[in-house]
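Novice: Next come the chains, spelled out residue by residue.
2 protein chains.
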Amino acid sequence: MSGLTTKELLERFRVGDRRACAQIISFVENGAPEATLLLDELYPMMGRAYRIGVTGPPGAGKSTLVEKLAMECRRQGKKVGIVAVDPSSPFSGGAVLGDRVRMSSLFTDPEVYIRSMATRGSLGGLAGRTKEVCDILDAFGKDFIIVETVGVGQMELDIAEAADSTVVVLVPESGDAIQTLKAGLMEIGEVYCVNKSDREGADRMVMEIGTMLEMRAKNDGWMPPVVKTVATTGKGVEELFNKILAHRRYLEESNRLSERRRKVIRNEIERIIEERLREVFYHQPGVRKRLEEMVSDVEQRKVSPYQVADMLWKMYFGNEQRRV
Amino acid sequence: MSGLTTKELLERFRVGDRRACAQIISFVENGAPEATLLLDELYPMMGRAYRIGVTGPPGAGKSTLVEKLAMECRRQGKKVGIVAVDPSSPFSGGAVLGDRVRMSSLFTDPEVYIRSMATRGSLGGLAGRTKEVCDILDAFGKDFIIVETVGVGQMELDIAEAADSTVVVLVPESGDAIQTLKAGLMEIGEVYCVNKSDREGADRMVMEIGTMLEMRAKNDGWMPPVVKTVATTGKGVEELFNKILAHRRYLEESNRLSERRRKVIRNEIERIIEERLREVFYHQPGVRKRLEEMVSDVEQRKVSPYQVADMLWKMYFGNEQRRV
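Just so you know, the protein sequences line up as chains A and B, in that order.
Residues 1367 to 1690 in the numbering used here are what the first sequence spells out, letter by letter.
Residues 1367 to 1690 in the numbering used here are what the second sequence spells out, letter by letter.
Certain hints may be false.
A pair counts as met if it fits within one copy or between any two copies, since identical chains are not told apart.
Claimed, not checked - Below 25 Å or equal to it, Euclidean Cα-Cα: the simulated DSS-like pairs (lysine-lysine) are:
#1 Lys1601 with Lys1444
#2 Lys1601 with Lys1445
#3 Lys1373 with Lys1668
#4 Lys1629 with Lys1680
#5 Lys1668 with Lys1680
#6 Lys1655 with Lys1629
#7 Lys1629 with Lys1668
The hints are simulated quantities; they were obtained by calculation from the structure and are not laboratory data.
Using the sequences provided together with the hints, build the complete structure.
Specialist: Quick look at the structure:
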């Protein structure tokens, strides 16, 4: 694949060549020089896929649930992309369940595309790259794209923001339920799922989530449903998928889908501009070296970081704050 | 307090007035105009406190452990600051244990300063503000500053980077241990703590952590110890604190403490410059309005976000990439 011109690569992508898709994703993941051009070319083909984020604490069974959700999509004749950002996901080759999941029919289905993101050592910018990988799968013709993440950090919030519907997966014994819920997960879910619901305490968990949701300040006309599933047997998965589709209808009918996607676009433009501003600033000759010298001054408490920023700024841009 | 001039506020801070300290922290938290000046003035007084980050999954008993660590510091005659970034922490008024912890002697001890960070709704920039609150407590004369966070997102990594020693707290039943450990926690710990170690499975957990640590690529001469604690009774807390002190000695003797702090300074200067670049760009007259119009063009797939960024850039800076 690497011997192809950008034009040839795009041609193959457009006729559904999976290796071309993989190559383009790799370019984007690695920040290759051709990445921007490729994304620009694919841009007119994007915007059709519906994006589902699946998040929750480690051990909640997210990967198995994603697998079963993808199968439900396929059963309804839809094409699916799966993007695993969770480093412990079997889709990432990570966890103990890996072999079982990797033997599932999904891996040989030509209408399913599975991609795991390299998270190790490169957390910065991961949310942006995850969104771009979803964009590519969108352009590749997938109807649904499911993104699996773990936890509730800033990265997960960014990824949740780029999803159309966010599913939060919990289990009956999710540690101290109240603590788990307060840890940010209660803010981002649009559909809640109590997985492993054949275990003791599932109904209590459903009730607790319901109570927390009622207290949730945000009230935009959508009350997040709580669905019980047993991902390993597939129980409840169809209902979960239907609730996601209900949320989709709600977003479309209330015009909120467009609103959300405009917000995502705005964030993306701002991110690109910020990257460029940074690049241009640090490309000024000598600025890196000067900064390094000043780090020592700060360490010795001769100046503060703010004073250093001021000095560097004046050195390269003078006093004109407006004209940069 | 609000009627004071900046100078008066600083004078009171310097003689140990807790209300002045609280006021300055609030200014910094809210991004008040006087924040930068205050931080600059306090800068020469910083750099003496040792910073301990405590992180781990919800329900691991971090808050109780932080409480007992702080008491151990006090027993050794050291002054302590506690900063809770975990929204479920009882220090934040969050969780079920709140009342018990709030009744502890820490809350009436004049040499202990406890501050919780407002995390709700304002996750962006939280890591930066957390560091600045620690800076203020450092200038206020604390010997140790303990920061409690939850999870393993980008924010926690940023906070861990600003800590001198990071303690990762787990429990025997931490979900599927392997999954939990892979979720980033194995990268950031310098001291590991198996809390609630009177429960079944504690020794197995200690062993598993040991195995994972041996596989950890990073080898800089420090092998993270694993300590068993029962925070509710205080068992093992003294040993945990001693391991933290051992890590401190290691950092000081290998000159790595200075290296780390230089890195923190570098990051901070870069963050300040980035903020200013952003500010200056969006202050250009008309740029916000133009961006908003272009969001619609992108939504209709007439242009891509990269093309919009290009257009905005040229509109305000021309084609000179080097001179901004």
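Novice: Which numbered conditions among the earlier hints are violated in the structure presented, ordered from lowest to highest?
Specialist: none
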